[in-house]
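Turn these sequences into a full structure, and let the hints steer you where they fit.
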Amino acid sequence: MTSLREWLGRLWTLFSRRRLAGQIEEEIAEHIALAAADFERSGLGAAEARRAALRAFGNVAQTKERYRDISGFPWADALAQDLRYGVRMARRQPGFSAIVVISIGLGVGANTAIFSLVNTVLLRPLAYPEPERLVVVRVVLPAMVAEYPSLPVNVPAYLRWQIEVPAFAQLAAIAPEEQTLTGMGDAQRLAVARVSPSLFPMLGVTTQLGRPFVASDDRSGHGAVVVLSDDYWRSRFGGERSAIGRTIVLDGQPCEIIGVLPAGFRFPRSAQLGALITLPDRIDVFRPTAFTANEQTSFGDFGLAVIGRLRRGATREQALEQLNRVQADLARTVAQGRVELAAAVIPLQEQMVGGARRGLQLLWLSVGAVLLVLCVNLANLLLARIGERGRETAVRLALGASRARLLRQFVIEHLLLAAAGGILGLAVATVLLQALAAGAPIEVPRLDELRVDGRVLGFGLLVTGLCGLLFSIVPAWRLSRQPPQEALRASQGVSPDSPAQMRTRTTLVALEVALSTVLLVVAGLLVTSFVRLVGVDRGFSVERILIAEVQPSPARVPDKAARAAYYDRLLMRVRTLPGVDRVGLVSHLPLQGEAQVNTITVEHDTRPIAELPTANFRFVNAAYFEVVGMTLRQGRLFDESDRGRHVVVINERTAAALWRGQTPLGRRLHIGDAETPLHEVVGVVADTREVDLTRPPILMGYAPYWGNRVPDRAALLLATGIEPTAMAPLLRHAIAEVDPTVPVENVKTLMQVVDKALAPSRFQMMLVAVFAAAALLLASLGIYGVPAYMVARRRQELGIRLALGAPPRALVWMVVRQGLVPVFAGLALGFSGALAAGRLMATLLFDVSPSDPATLGLVLAVLGSVAMAACYIPARRATRIDPVTSLRLD
Amino acid sequence: MGDKTDVLHGALDLMVLRTLNALGTLHGYGLARRIEQASEGMLALNQGTLYPALLRLEQRGLISSKWGLSENNRRARFYSLTRRGTQHLAAETARWEQLSAILARFLAPSLDLP
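Protein sequences, first through last, are from chains A and B.
Position one of the first sequence corresponds to residue 1 (the working numbering), numbered consecutively onward.
Position one of the second sequence corresponds to residue 1001 (the working numbering), numbered consecutively onward.
Possibly wrong hints are sitting among the right ones.
To be verified - Pairwise CB distance ranges (calculated):
id, chain 1, residue 1, chain 2, residue 2, range
1, B, 1086, A, 61, 26 to 36 Å
2, A, 22, B, 1105, 46 to 56 Å
3, A, 22, B, 1086, 26 to 36 Å
4, A, 392, B, 1105, 50 to 60 Å
5, B, 1014, A, 94, 47 to 57 Å
6, A, 60, B, 1105, 33 to 43 Å
7, A, 60, B, 1086, 50 to 60 Å
8, A, 427, B, 1014, 53 to 63 Å
As the list claims (entries may be wrong) - Examples of chain B residues toward chain A, derived with CB under 10 Å:
id, residue
9, 1028
10, 1052
11, 1067
12, 1105
Since the hints were made in silico from the structure, they are not lab data.
All residues carry an ideal CB built from backbone N, CA and C; glycine is no exception.
So this is what it looks like as structure tokens:
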């Protein structure tokens, strides 16, 4: 009926209401004055004329009221009325309101915080221009797919792709490296990335100062220029513009500073560029790739991260097809058919965040389930309270209020509480986010981009609204269906529970129990999985071991012999420190992932390279095995007398892979291809999880640090008799004594290294466990509510039963039975849900089946005993009822 | 709200529109007086009921109002018909005439009511 025009007219008057109210006063006053003047003209006295004028006008107040009614929207007035009523009700029951506001605040806060994590990591596009066109390109060796689905790229392949793959608008390589800066005070180890000049434009960044790389910088032999990161420029050059044009010495080579990157630039991290690429979290200095002639032909060295931008309109499939054509050609020509080669094209976003997806989804679902339990619990609480409002409702219904209006008023009243909770929730979310960003031990890519944006606010709002509706709609419906005459008849203004109402409560509690069961199972699986991970046979020990990483400057120790001599001196000096039992040296710390991966070519093995086994090699001293407690299985460890010979120790997996069932001792192998020296196997050590705790032991080989390959950096491991951290200053001092220019990093205990490796699992487990505990607590309140309410309602009946001699045990059983009905229903539903959830989270579990009977049994026991306790408390109360007082009620 | 007031509403609206159509611009009191005169005292109008009707007509865009000076030299609101109002009046007059013709036939003494 109401036309748009009238609606707009009303909208206008609604907003100009206050002004209109004044105007109608004035208009009426003038009307009456004019009328009075007319009456006076017709001969009446002034006072009488005014009275006559007022009489003719009618009821002034009513006119104003009618005028006000139509100058706006009746529903807006009703809404305002409902809101005012809601505020009044909320103030009248501060305890209940506080419970609702605080619990919704916490629930919404946790949900919003987790959502902003999900939003930042999974939903928001990467902060690069047209990120959907960016892809990571990797090499695939079909013969090795089982071990390594894809590998970093080798330089010859990259160079040909650049020319022969038209599907890419640009292609850029990143070669991570560490180089030592000298000539500016103490030697300093810098995180250097050699990058193609096309990388910066591809990622939409240019220098804030100076110039970026150009194509000519990238030519072989021209790479002596550097671009600094903003952080490094500020810390090392104090943000001076004069840094441009200065020369720094990197690994003995003078390089000119040509530019500085802007502060906000986010360089992808190594884990985000794919397996087997090690890139420090923060890059200090960028250099052009400027591949040397040697690198350009080094076919077997897979070390580049490659990012490409697809040409507009080109698809990933096209790019892959063109890449594979080049790969096939390379396999035919360069590798002479000895190896099969392919490529993989992965969207950059997928590569960067794919690994975190499952874990985040799990967190998101868990926190959502807690909120749902919370809403159900509030609904239950509210359902118990509507009895108290039965009489009020009945009176209003009897006076002609429509059920719809009552329903709406009830829902609005509680939406108001939810809104207050939502505001609290935003504050909670902000605090939680700060805590998360300030260093949650969680392996989450893009955590530095974490912030609350419009989408997060919208989500918070949506969740709050849904909460308000969820917890109030069922009670509101029940309330409005109550027959008014019963409520009016009931004593104390409290209406009795109808069977329908009891059924609703039972259903809600069953739902709560089901959700809590799922959460408890998920948390239980994560806890079991974590306990197994901590308790897993690592194969090495970590107690009382202090570590420190050193990297001698290539300028001081230019070749293998000099490096080995430096390590000799260092070990000799550190061994003399008081309290130090043994000093181990290793080229790569445990639990840092795979590194120094080489193929193993057994003597006289002529198979193509791709069919050869690969192993992680570590370059160590003999004491290393003893310090970390590795067990020797066969043969011996190498010692000083082996200097001058090429020897190697392998682990059992390697021995089994190479010479299953035969003795490996005395056999010889190449670390790498057949061009490298042959190493004699002198010993076999037990398998360890030294590379990755979550994976079963892999093939390992250990060669002496003074052999054919001398690592350019190494970690010292000190087995100490005392608390290892107390040794740290002494160790630093000793290292400086041997060579003050060598930077010392990561001085900590091996235990801390293990802790860091476990931190993400622990964090995830703790979060989900907290969620599950919250759900269990809420559910136990819900379970308790059903029998407790029943006892309160049926006091009289129970009293009579007792008086007539019913055994207390029978009463207890009666009450408990009723309380357990929803628990059983919920458990059945929950376990089937948990089995489904378990399958989804299988990849997050370590050594636990998603249907692990011990975990499921434990959850059943915990929930069962909590439910029994929750039902038993009111049941006992039933047996203590004094029949006399219970009958005296009313 | 019953049907009676609705009919009455419609009638009052029509009277206002018709009066403004005949006399141009008027303030509230002038309108009330004019309607009373036109009904030759047969309509005992509470003058106050006029104002909600005026607001509604204005919201529908059938009349417009402007502040001006009354005979007393004080501020008063003057109402006048809009073009939409004129069109509406023509349509409503026709409808009303039709309705009253039908009613007249129903209420004729000779008619047998069902």
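Taking the hints in turn, this is what the structure says about them:
1. B:1086 with A:61: 26 to 36 Å: This hint holds: roughly 34 Å between Cβ atoms.
2. A:22 with B:1105: 46 to 56 Å: 49 Å, holds
3. A:22 with B:1086: 26 to 36 Å: 31 Å, holds
4. A:392 with B:1105: 50 to 60 Å: Once the Cβ atoms are compared, 53 Å apart, the range 50 to 60 Å for residue 1105 of chain B and residue 392 of chain A holds.
5. B:1014 with A:94: 47 to 57 Å: 56 Å, holds
6. A:60 with B:1105: 33 to 43 Å: 41 Å, holds
7. A:60 with B:1086: 50 to 60 Å: 32 Å Cβ-Cβ, so the 50 to 60 Å window is violated.
8. A:427 with B:1014: 53 to 63 Å: 59 Å, holds
9. 1028: Holds. Min distance 5 Å.
10. 1052: Check passed: Cβ of residue 1052 of chain B comes within 4 Å of chain A, closer than 10 Å.
11. 1067: 8 Å, holds
12. 1105: 28 Å, violated
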